[in-house]
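Q: Just so you know, we're using full-length UniProt numbering here: the sequence shown kicks off at 1 and counts up by one.
Read the hints as simulated data drawn from the structure, not as lab findings. Everything numeric in this text was worked out from a predicted model, so none of it was measured. Backbone N, C-alpha and C fix where the C-beta goes; we use that ideal spot for every residue, glycine too. You can trust all of the hints, since none of them are fake.
Simulated DEER-style distance windows between Cβ atoms:
(1) 26 with 83: 29 to 35 Å
(2) 27 with 83: 29 to 35 Å
(3) 28 with 114: 29 to 35 Å
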Amino acid sequence: MASSESVPVASPGQAHRDAVEYVGFRVDGQAVVLNLSEHRRLSLERSLDLVNHSPSGFEWGYSGSGPAQLACALLLDYYDDEQFAREHYIAFRNQVVSQLECDGAAACWHLPGEEID
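Using the sequences and the accompanying hints, generate a full structural model.
A: Written out as C-alpha cells, the structure is:
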C-alpha cells in the first residue's frame with residue numbers, strides 16, 4: 001500500500017469498535033498508551049509477536065520504528081486481526097501515528113475508533 005492511500009475501512013465488529021478510544025501520554029519520559037474503553041494498557045508484547053520494530057516501546061509524532069510498533073499495536077488491538085495489522089500498519093503509521101502529538105507531561109493525544117476506521 002502506498003503512503004498516499006488511506007487505510008481501508010474494514011471488517012466486522014463495528015459497533016464494539018466505535019466505542020473504543022485510545023490515549024497516549026508520558027510517565028517519567030516513557031510512552032504509555034491506554035485503551036480507555038477497556039481500561040487497560042496497550043500491549044507492546046502482542047505487537048512484537050507480529051512485527052519487531054521497537055522492543056523498547058511505543059512512540060508517536062514521526063515516521064520511525066517506535067511509531068511503527070505503535071501503529072501495529074493499535075491496529076492489532078482495534079481490529080483483532082493479525083493479517084490486517086501486518087498489511088496496513090506502515091500506512092497507518094504514516095497517516096495517523098506520525099501526526100499524533102503529546103507536548104509535555106499533561107498533554108495527551110486521543111484517538112477515537114472512528115478515526116481508525
